[in-house]
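J.: Listed here are the chains, written in short residue letters.
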Amino acid sequence: MQEEFQLNLDIYKNLNRGIESTYINLNPIQRGGVLTAEARKAALEFADGYSVCDFCFESRVDLVQNPPVRNLTADIAEFLNMDDVRFTAGCRHAKWAAMHMVTEPGETLVLDSLAHYTSYLAAEANQLKVVEVPHSGYPEFTIDPEGYAEKFEEVERNTGSLPALALLTHVDYRYGNVADAASVGKICKEYGVPFLLNTAYSSGIMPIDGKKLGVDFLCASGHKSWAASAPMGILATTFEWNQQVFDKSTIRGDWSGRGFTKKEVALFGCSPVFGVPVMSLMASFPSVVERVKHWDEHVENARYLASQLERIEGFHQMGVKPTEHTLVAFESLPLFEAAAKTKKRGYFLYHELKKRKIIGIQPGMSKSFKLNTFGLSRVQVEYVANAFIEIARKYDIPVEDEA
Amino acid sequence: MKYTELTKQFRQFFELPLTPVAVKFNSDDEPNIPHPMRYCEIVRKAAAFGTSYTCSADDMSCASAELALGFTEPAYGDVYPRMKPADTRTMTVTPLDRCEFEPDVVVVVGTASKLMRVAATLSKVKGDMVNAKFKGEFAVCGECTTIPLMENKVNLSLLCAGARMFSDYRNDEIVFGFPMEAFVELTESLKEESITKALCGCLMDDLPARLVDAILALGFTKGTDHFIGRFGDEIVRLYIPKDESGKSSSVTLHVPVKFKDAAAAKASDDMASYLFEEPMNYRLRDNWMDAILLIELHEPIRRAAMKPEKFNALVNNGIEVMLDRVAKFKRKTIQ
Chain A
1 MQEEFQLNLD
11 IYKNLNRGIE
21 STYINLNPIQ
31 RGGVLTAEAR
41 KAALEFADGY
51 SVCDFCFESR
61 VDLVQNPPVR
71 NLTADIAEFL
81 NMDDVRFTAG
91 CRHAKWAAMH
101 MVTEPGETLV
111 LDSLAHYTSY
121 LAAEANQLKV
131 VEVPHSGYPE
141 FTIDPEGYAE
151 KFEEVERNTG
161 SLPALALLTH
171 VDYRYGNVAD
181 AASVGKICKE
191 YGVPFLLNTA
201 YSSGIMPIDG
211 KKLGVDFLCA
221 SGHKSWAASA
231 PMGILATTFE
241 WNQQVFDKST
251 IRGDWSGRGF
261 TKKEVALFGC
271 SPVFGVPVMS
281 LMASFPSVVE
291 RVKHWDEHVE
301 NARYLASQLE
311 RIEGFHQMGV
321 KPTEHTLVAF
331 ESLPLFEAAA
341 KTKKRGYFLY
351 HELKKRKIIG
361 IQPGMSKSFK
371 LNTFGLSRVQ
381 VEYVANAFIE
391 IARKYDIPVE
401 DEA
Chain B
1 MKYTELTKQF
11 RQFFELPLTP
21 VAVKFNSDDE
31 PNIPHPMRYC
41 EIVRKAAAFG
51 TSYTCSADDM
61 SCASAELALG
71 FTEPAYGDVY
81 PRMKPADTRT
91 MTVTPLDRCE
101 FEPDVVVVVG
111 TASKLMRVAA
121 TLSKVKGDMV
131 NAKFKGEFAV
141 CGECTTIPLM
151 ENKVNLSLLC
161 AGARMFSDYR
171 NDEIVFGFPM
181 EAFVELTESL
191 KEESITKALC
201 GCLMDDLPAR
211 LVDAILALGF
221 TKGTDHFIGR
231 FGDEIVRLYI
241 PKDESGKSSS
251 VTLHVPVKFK
261 DAAAAKASDD
271 MASYLFEEPM
281 NYRLRDNWMD
291 AILLIELHEP
301 IRRAAMKPEK
311 FNALVNNGIE
321 VMLDRVAKFK
331 RKTIQ
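Chains as they are written, first to last, in this note's numbering: chain A, 1 to 403; chain B, 1 to 335.
If you're looking for bench data, these hints aren't it; they were derived computationally from the structure. Watch out, some of these pointers could steer you wrong.
Per label pair, the in silico range of CB-to-CB distance [stated by the list, open to error]: (1) B:230 / A:290: 39 to 49 Å; (2) A:9 / B:98: 18 to 28 Å; (3) B:309 / A:117: 51 to 61 Å.
All values reported here derive from a predicted model rather than from experimental measurement. A virtual CB, placed ideally from N, CA and C, is assigned to each residue, including glycine.
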């Protein structure tokens with residue numbers, strides 16, 4: 001007889017997040033992924049596993065017509081000004097898939113030194129060597145597009161051939177700098193190196209035109225920037241590359257003779273995003289198309305918050321100033337010094353903000369922190385600014401008078 | 001801690017596929033062995049299959065083990081290692097998690113890479129080297145059972161020919177023997193360390209600990225990408241730039257000075273160019289004027305930090321220069 005499991009299953013009951021919907025969430029990776037009301041409704045409707053596949057006649061989720069996934073695929077391609085689109089299990093899967101289908105093990109990937117860790121891991125999984133384009137260092141941490149040309153030539157000198165692929169992180173996750181993708185795209189075209197643009201933190205919240213940026217492969221994160229549930233990614237490409245990237249299966253069972261010729265190899269046959277992820281992306285899409293038109297207003301809110309926080313002694317926004325994005329990083333040494341005098345140590349900031357119904361600043365951080373204001377109204381941003389100023393005053397940190 | 005929990009914690013921490021084995025001399029259990037076996041074979045079976053055996057001298061098929069474990073006295077000369085006096089009547093060998101008695105010894109079987117981690121952790125707990133005594137004979141019995149008990153010390157063995165030939169030990173396996181107390185002490189000290197020291201899982205730099213300590217000793221605290229510290233009335237940032245090939249032989253000090261708006265910051269450009277001349281520099285960032293001082297170390301920073309007097313003097317002098325210039329700059333522009 002099987003031994004009885006000693007599992008405490010009570011911990012899985014009554015799951016909740018511990019925060020209320022009225023809280024202001026500043027989490028840098030979550031703002032662009034907050035669901036629209038339509039997406040929440042669709043999520044409930046399609047919460048069952050494989051629920052998108054009720055009327056699947058083509059054996060692939062991107063070809064399902066009811067609900068209109070096929071239309072969504074085409075519309076997203078148009079929205080990004082790319083030619084072809086597939087859904088993936090996150091932006092990281094999109095990067096892995098593009099690398100896997102257009103490079104050979106041992107080849108070189110040139111990427112920016114602010115790239116997300118998953119860019120490095122995707123390269124590692126595809127057995128690629130990486131060569132980094134340096135950033136400018138403190139305090140701006142910017143990427144000079146000319147660095148790509150220099151690295152292309154360096155790779156050619158060292159290996160005898162140009163890199164197999166170039167990757168640029170459009171908006172880096174550490175400082176929220178918006179890289180000059182168009183210039184990198186131009187350099188890639190001149191050298192004939194295919195260009196992969198990581199638009200997690202950009203597409204879905206700000207306008208993106210893949211053709212104008214000279215992009216060959218564009219990957220996006222549905223849960224970071226398209227108001228979709230995780231895990232949701234997008235891989236877009238041009239007609240020049242779509243056959244190679246979305247190559248179909250040719251394998252055949254040696255005994256049964258079974259083949260799967262409609263299934264796309266790098267997407268594990270059928271994109272693994274059935275149900276909530278793809279339906280939340282679809283339901284949010286009209287709002288996404290609308291919201292990118294208001295990107296300047298969102299950036300203006302972030303700039304306002306930066307100017308308010310910099311009234312606090314020792315607060316200093318890192319990265320490009322004024323910020324060009326809603327993800328912003330700050331130094332805040334006085335908070336770190338105040339933390340030493342509190343019982344909660346570095347966690348005091350988290351608790352002080354939570355008392356004011358603000359969450360999303362990494363617990364334990366006080367010396368420096370990141371936040372994202374995307375999607376917040378000006379009133380909410382003002383509330384956040386006042387909360388920080390109130391906390392600073394509470395801990396005797398000088399605050400400049402408002403100009 | 002109960003033996004079941006001890007076993008779980010030890011196996012989980014070191015990711016060991018085999019169970020630690022408890023050994024008891026002259027236990028109260030009755031011999032139950034189906035046919036004569038080697039002691040080392042009994043231990044591996046207990047570790048791999050969870051079997052428990054109690055055996056007497058008659059159940060031993062290996063004369064070396066019989067001597068080493070004290071079932072018999074040697075007829076001629078002496079043997080090392082062995083239980084003295086030879087008063088062993090029975091031995092019980094059982095997986096530690098099922099143990100119902102107080103064991104004398106715990107034997108751990110694992111691959112060299114897994115037991116390397118055990119050794120490294122043991123060395124940290126004891127604050128000393130792991131001293132192993134072995135020669136490739138009397139291995140599981142003498143080296144990993146008798147020595148831990150008779151000499152009250154942890155011992156490591158590379159096994160013996162008998163164990164590898166007859167008892168199913170794999171080529172990459174070796175064995176640790178622990179006195180019970182040492183095993184408990186080690187296991188109770190095991191704490192799951194964070195997978196990396198970085199909150200987000202990415203290590204942001206490759207600075208050696210010695211260099212970080214040298215900079216912290218100057219009065220800075222470490223940020224994600226740079227160091228930051230309060231000196232006088234100013235907050236000074238220390239950054240370590242890298243050249244094209246990723247090498248560092250300089251540091252930069254930064255003090256951003258805030259103006260009421262971008263126009264005011266721009267208006268201070270003349271004063272900045274006058275005060276922040278070589279080796280200083282400056283950069284306009286919106287409403288901030290970032291004063292920068294480059295300190296050339298003329299050697300790789302790792303090596304420079306190993307000469308604390310010179311390194312401290314260079315940086316401290318740089319901070320002094322920076323504070324002086326920034327104070328003048330502020331007097332002439334903002335105030």
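J.: Decide, hint by hint, whether the structure agrees.
T.: Tested hints:
Take residue 230 (chain B) and residue 290 (chain A): their Cβ atoms lie about 46 Å apart, and the range 39 to 49 Å holds. A hinted range of 18 to 28 Å holds for the C-beta pair residue 9 (chain A) and residue 98 (chain B), which are about 25 Å apart. Between residue 309 (chain B) and residue 117 (chain A) the beta carbon distance is about 39 Å. The supplied range of 51 to 61 Å is therefore violated.
Checked against the numbered hints given earlier, this structure breaks only hint 3.
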